[in-house]
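2 protein chains.
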Amino acid sequence: MFAEIITIGDEILIGQIVDTNSAFISKELNKIGVSVYQITSVQDDGKHILNALRAAKSRAQIIIVTGGLGPTKDDITKHTFCEYFNDQLIENKAVLKHVETLFAKYINTPISNINRQQALVPSKATVLHNANGTAPGMWFNEDNTVYVSLPGVPFEMKHLITNEVLPKIAREFNRPYILHKTLVTYGLGESALAARIEDWENNLPDFIKLAYLPNLGKVRLRLSAKGPNKKLIQKAIEVESRKLSKLIGDLIYGTENEETLEQIIGQLLTKNKQTLSTAESFTGGKIAESITTIPGASAYFKGTVVSYATSIKIDILKVDTEIIKKYSVVSAPVAKAMAENVKKLMNSDYAIATTGNAGPTKGDSNAEVGTVFIAIATPKSTIVEKFIMGSQRERIVEKSVNKAFELLQKEILKF
Amino acid sequence: MFAEIITIGDEILIGQIVDTNSAFISKELNKIGVSVYQITSVQDDGKHILNALRAAKSRAQIIIVTGGLGPTKDDITKHTFCEYFNDQLIENKAVLKHVETLFAKYINTPISNINRQQALVPSKATVLHNANGTAPGMWFNEDNTVYVSLPGVPFEMKHLITNEVLPKIAREFNRPYILHKTLVTYGLGESALAARIEDWENNLPDFIKLAYLPNLGKVRLRLSAKGPNKKLIQKAIEVESRKLSKLIGDLIYGTENEETLEQIIGQLLTKNKQTLSTAESFTGGKIAESITTIPGASAYFKGTVVSYATSIKIDILKVDTEIIKKYSVVSAPVAKAMAENVKKLMNSDYAIATTGNAGPTKGDSNAEVGTVFIAIATPKSTIVEKFIMGSQRERIVEKSVNKAFELLQKEILKF
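Chains F and C are the protein sequences, given in the same order. As numbered in my numbering, residues -17 to 397 make up the first sequence, in order. As numbered in my numbering, residues -17 to 397 make up the second sequence, in order.
Keep in mind that a hint or two might mislead.
Heads up, the list lumps identical chains together, so a pair's fine if it works in one copy or across two of them.
Said to hold, decoys possible - Here are the computed lysine-lysine pairs in the DSS-like style, where the Cα-Cα straight-line distance is at most 27 Å:
1. Lys55 with Lys87
2. Lys9 with Lys381
3. Lys29 with Lys163
4. Lys326 with Lys307
5. Lys253 with Lys385
6. Lys385 with Lys87
Think of the hints as simulated: they come from the structure by calculation, not from any bench.
The whole structure should be built from the sequences, with the hints applied where relevant.
Here you go:
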């Protein structure tokens, strides 16, 4: 059984927005055993949408469409579904009431004719309640195919997927079991890794697929299995990942489920009742931001000094001017002092510090673009490492943030 | 003339990664007058890729394919192109030399058989030099259709698009002129806005399209025009956006080209030779991070104190404990003190401060989730505003960061 996703909107095709809806929907469908065969992004154009629907129907049993449900002229999804199903729009009392309630509560004006049109729904549709907006979700079942139409606003779409679409699919379809397991490896490139596990890969059972996902110094190996018997699938994935661990145990850094390194660190610190602070130069607050996107971070995260200007390193982080003069701001001694001083200043158990040059020019120091120092201060000592992170600003920052979390995790696990 | 994009990779269809490549490619193609008709994401599966290529050919003259060019078994794009064109792989001397050079420089080991396979290229392909990796880009021209195959790693793909693909398309195709202009509006919902400009919208010339893009309190109105005559297109867009300004001048906040609000603020500060610092509580460094992603930010950005813990607000930002006791940490007086004190501490001309509750629990204060105070300290005074930002952590932070930049820009423009 396959699903397909069709995202509607010229803004996607001119690159004005990145389509993040598809990844969310795919991931959620996968969790309940529904594989996504194809994702198609099409224009706000009736003919184009009709063709995409017909093509998807030839391949999939569930078709999820997002976008084009707003109240304005460029939104044509409802009309297009009417054409596709030879149907017509009728006013839905429940939706109208919901729109009126939302307006009374948040907008404080009576609803206009345009708003009222949000309550028009094709007669063949089952309405899915959109608690977060005025455009209703719609579910059609025709000719053994289910079509679901959702608003493109992520906040509304996510709510509908989680609370309406997934439970309804779970009720109405028999689904196989899908399991992914991802092993994160460091230290060997994609091709060298492939050479080392070639024999094992060639002998994988048919229902298990292996994928290599190289990114910023890591290669993630993803095992995917699908079948009707949950226990069998789980066991097979376990057996194969154990075999893999024997072959490349020295390279495997961890497994990746839904968790990021920041989350794992958060769990470790919470468990240990320990705290963290950061002093960031070229990473500009990105480490702090990654930490604080995790709900509950206030239990272990104290704060940050972003010392973009050298004067802040001296005035607030109390880095000795002599050290800066002697070694320059981009140096191991400065990174060390930043980590130790912010740890003291914020009274935390651990601290991360970064200083480096992300370019495009040499800036306050004479360090080459891409030169980076990361320091981790722990309850016992401080480590500093130097890295050369390439030449592209964005990648230098991103790789450094990854590296900082990797180093911190290692240190925490030592205790 | 249309292009289509096909992105290959199971990781997209299981939602493990968000496809950002398509948005980049679409935007770049648009700039040189090539419209993207459809974007299709398909599995690492030969049959599926062949079907997608055939379908795209029926609609487009340029087909850009990303992904599946790695050295491992799950990468099958090259073999699939051979099948599609009835072609075979041959070793390309230049690519082999490039792979050897990269290995000598970065990996320091002789290349393996697997690496050597990166130099195998279909005989009908023109090689596009991939300076950032081992997988070559490929350009095929058959039956009046151009097919371009690029690696899926964004860093490699972007380099190939910018330096190889776009110049070659520009040389080989006559292209129309495409122009987008986006007006950013605040203060009125999508439907009320539509009602106000209905007459104007109905009278737009055929070659101009209007789109509504609502997002986090803003509605962006995008005018798009396409045609052979550059001057005519530019003039028509100007005329229509002037008409629009007359109708909703009170709501228009600015136009959006490629520039973000952070970039505009950066330009203003650089021009005025003024500086900025931030004191962030629940935004956790996201404001600093947004500022520092802009190359050259060191000219005007001094630094940040992320005071996630209340103790940091007291110890480093010197917020009076009496004020905190009297008003709670989430209050206008605390936001004001944070802004004024960080401005003084970092010796900057402007400062942004945020304090609020992004949830999920009430935390250090008793403020309801979604309650936010943003303060802007300027050379003359400090303003503070209170906002209720909904209930979802991510959205509360994102909306607040937007709002902070919006308030700062207004203040800077007053001087």
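Outcome of the hint check:
1. For the identical chains of this complex, Lys55 and Lys87 are intra-copy neighbours only, at 26 Å inside a copy versus 56 Å across copies, given an alpha-carbon limit of 27 Å.
2. With identical chains, the CA atoms of Lys9 and Lys381 are at most 27 Å apart both within one copy (25 Å) and between copies (26 Å).
3. Taking CA atoms no more than 27 Å apart as the test, Lys29 paired with Lys163 passes between copies only; the shortest distance there is 26 Å, against 40 Å inside one copy.
4. Taking CA atoms no more than 27 Å apart as the test, Lys326 paired with Lys307 passes in both settings, with 23 Å inside one copy and 25 Å between copies.
5. Only within a single protomer do Lys253 and Lys385 lie at most 27 Å apart by alpha-carbon distance; the minimum there is 23 Å, versus 36 Å between protomers.
6. In this assembly of identical chains, the alpha carbons of Lys385 and Lys87 lie at most 27 Å apart only when taken from different copies (22 Å versus 47 Å within one copy).
Violated hints are absent here; each numbered hint is respected by the structure.
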